[in-house]
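Knowing the structure of chain A, use the given hints to seat chain B on it.
There are 2 protein chains.
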Amino acid sequence: MARLQQAIDPDRLLTDPADCWAYGYDNSRRHVCPQAVAFPFNTEEVAGLVHACRELGLPLVGRGRGSGTAGAAVPIRRGLVISLERMDRIIEINADDRLAIVEAGVTNGDLQRALEREGFFWPPDPTSADYCSVGGNLACNAAGPRAVKYGTPRDNILGLTAVTGTGDIIRTGVHTTKGVVGYDLTRLMVGSEGTLGIITQATLKITPKPEARRTLRAVYTSMTTAAAAVSRIMAQPVTPCMLEFIDGRAIDMIRDYASVDLPEDAGAMLMIEVDGSLEQLAYSEQAVAEAARGDGLSELRTAASEDERQGLWAARKALSPAQRKIAPKKINEDVVVPVSRMADLIAGLDQLSRQYGIIIVNFGHAGNGNIHVNLLVDPDDPKQMAVVDECLQKVFQLVLDLRGTLSGEHGIGYDKRQFVGLEIEPASLALMKQIKKQFDPDGLLNPGKLFPDVVPD
Amino acid sequence: MARLQQAIDPDRLLTDPADCWAYGYDNSRRHVCPQAVAFPFNTEEVAGLVHACRELGLPLVGRGRGSGTAGAAVPIRRGLVISLERMDRIIEINADDRLAIVEAGVTNGDLQRALEREGFFWPPDPTSADYCSVGGNLACNAAGPRAVKYGTPRDNILGLTAVTGTGDIIRTGVHTTKGVVGYDLTRLMVGSEGTLGIITQATLKITPKPEARRTLRAVYTSMTTAAAAVSRIMAQPVTPCMLEFIDGRAIDMIRDYASVDLPEDAGAMLMIEVDGSLEQLAYSEQAVAEAARGDGLSELRTAASEDERQGLWAARKALSPAQRKIAPKKINEDVVVPVSRMADLIAGLDQLSRQYGIIIVNFGHAGNGNIHVNLLVDPDDPKQMAVVDECLQKVFQLVLDLRGTLSGEHGIGYDKRQFVGLEIEPASLALMKQIKKQFDPDGLLNPGKLFPDVVPD
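Protein chains in written order, with the working numbering: chain A, 41 to 497; chain B, 41 to 497.
Only chain A is shown next, with the shape it has when bound in the complex (with noise of 0.2 Å):
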């Protein structure tokens, strides 16, 4: 402790295991509490940070604001945790140049009220956007609806500052657009989950904000036909802002929990967006919903005002209360397929729920093919906690067979490390784990993450 207080001003290092508490878990519900806590006000001192734990031993787990549903901020080897909740400032922002400059801490939140003065918005818009820390969406690579249009935080990146586990302060990237001098580290770092480097400024890809956007629900009578309603959407130029599901079984969940304004024949539902200026958006939304019609389609019904679209979404926010309540410790995957194979999930996890007795209850993304998989397990049924596990490797096999990856938008963490190996193969794993090395030579930063072959704690 007194070479940690070295290197930062004692008032700003939490050390009793009281204080550190809080800081010892994150969405994924999982808990360890760090040896101490420290929240530096810059980078030097992020570096002078590392430079003591390498001296120590110690293990460090950077932490935005702990909404990670992974368990990437847990710090399971204890240790140290850096929190970057002090270094929130907005250093620049630069609409001609449609770049913006921040400290790793600022929230997602403040970071959009800001741009929206100018007229601009940052796109990635995860569900704790409220809270969520920029650094944490950049070390997870967390997206929302908006990717479908506007990409993940990989996409609206230009540069960053980071610590590596040497304590080497790295510059990375470029303030323009366009760059190609040297390998791209900047990308690497985005989505490695602290396990290469502690991120602690970004200079970010910003975009002019639409003038206006226009809400439409289509019903379906399947989910068959829903998925090809996608495909059909996606493969037109009119690019929704946001194009979201929900299947049959979350439909029966909603009209259970509350009552909700959906056709009786509900076998799906899409809740698209688009946005663009005034003048063009009716264009959009007819382009948009010609696309959807087609066979199975139910009903289809635009917001003509900021009212009605409310009433539209009702039915979509009705299903986290309604999931909580059916079954509060749900396993919540976030597997991607390729748009077209949508439907084949949805029939395979279907299957999947029949065969091992578990309500599987899916949403998500769907212009992305990211689908968040709602295992709606009872911890205190033996029968579902036995095959649990066996179900989870299947739902796993069956989004790879069709082309698919493991995680979307939630990253790896802890809680999915042992999956990795079923889609990364031991030459692309042993290259990752060789880069490692070369960013965190100590093996110190985000200790028992990522990879899939740590020993289980």
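You may find that some hints are simply not true.
Just so you know, same-sequence chains aren't split out, so a pair can sit in one copy or run between any two.
What the hints assert, rightly or not - Distance condition first, Cα-Cα at most 27 Å in a straight line; then the derived DSS-like pairs of lysine-lysine:
id : residue 1 : residue 2
1  : Lys249    : Lys357
2  : Lys357    : Lys369
3  : Lys189    : Lys357
4  : Lys189    : Lys249
5  : Lys370    : Lys423
6  : Lys369    : Lys434
7  : Lys423    : Lys369
8  : Lys189    : Lys245
9  : Lys434    : Lys370
10 : Lys370    : Lys357
11 : Lys365    : Lys423
12 : Lys423    : Lys434
No lab work stands behind these hints, which were simulated from the structure alone.
Frame of chain A; chain B shown alone:
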């Protein structure tokens, strides 16, 4: 040679220097004749060749079509050139999933024609699109005018297959537009100029083709007013699909060479294109035209037909032959600055031009701030040749002082490697070299490229 013949059918291995000659150059006009050239049919053959080279300690260079301008494809240490030209199959075009799977040797032009039949395109559009290969585009992150709206190869790839320097075959990335499992090896390979592996296959993100486009030409009295217009255009929500500029000196040069229809007071010119649906195009054109209007605008014209479009482009197209006539050995750089600093860059270049007595002509992709800086040197003028290196160094320093980068789309290759250290700090450069060592422990892959500290050949 016997060992190489074990790795590939002797019919597809050239060893006679006369045959190998043509595989020793690229568009940098540099030439070194390789010792052998192989034409593999598939990834496994590439891996076999790499294994053979490893046993022999023979350097190897992957080659697309040799259209790069920085010398990346020139086998400066001789050894084996692996030409991908026989791996030119389009394996899959999947409109529903917005992806195409291709072998690395397919030309950009062939791919675009095949995609067009399905109503799609792949955004990267280097000038050499008709004959350059997709693998080469990826290896160099080569882009073109469309990047301003649609991004570079890095933004339009989902995954790839490559052979590393150990002969291992790696498959990176996903078949989906989202995915965060492990480190982003895909974008690490893109732009690495064959120093980390030979890209043999790629899964590309494809985009639905817009229905139509509209072309505008805006002429300004000065570069400063034109640059301000670029900033205004890029700060509003309708992003043009092309925003090119040429400076006043280039306009003068065109006038000397051809009779073109441009106002007398032209000090800079912008070519602007917008694309989209027919219904939306009028609005887009109006939004961009409005942003183009302002201080210093001396003429704004819109093409109403394809003929008129050709007419507007004629002046721009006359530039390359005009330059070649005046300075056949011109030095063409490819720098990028933030859009708002373009006027400063042009002013600074103007001053360097006067200081060193070298005519500098600038044009390029204004929407990205990506400027092709052409030093019209005469190699027979000893006075110019004595100062050209110093002048270039000053050009790069100016670019970096304006927060720019040394290359936007041409890459580093051999020609720019001694300047890399100006932009990339030692800690990042050290990491890049360490990464290189993991992919290519024997240093066989495209040796002498991209990194600054090689012994000059």
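Consistency of the hints with the structure:
| no. | hint | in the structure |
| --- | --- | --- |
| 1 | Lys249 with Lys357 | within (24 Å within a copy, 35 Å between copies) |
| 2 | Lys357 with Lys369 | within (19 Å within a copy, 65 Å between copies) |
| 3 | Lys189 with Lys357 | within (22 Å within a copy, 34 Å between copies) |
| 4 | Lys189 with Lys249 | both (13 Å within a copy, 15 Å between copies) |
| 5 | Lys370 with Lys423 | within (15 Å within a copy, 76 Å between copies) |
| 6 | Lys369 with Lys434 | within (20 Å within a copy, 62 Å between copies) |
| 7 | Lys423 with Lys369 | within (15 Å within a copy, 78 Å between copies) |
| 8 | Lys189 with Lys245 | both (15 Å within a copy, 13 Å between copies) |
| 9 | Lys434 with Lys370 | within (17 Å within a copy, 61 Å between copies) |
| 10 | Lys370 with Lys357 | within (17 Å within a copy, 62 Å between copies) |
| 11 | Lys365 with Lys423 | within (21 Å within a copy, 82 Å between copies) |
| 12 | Lys423 with Lys434 | within (17 Å within a copy, 73 Å between copies) |
Violated hints for the displayed structure: none, as all numbered hints are satisfied.
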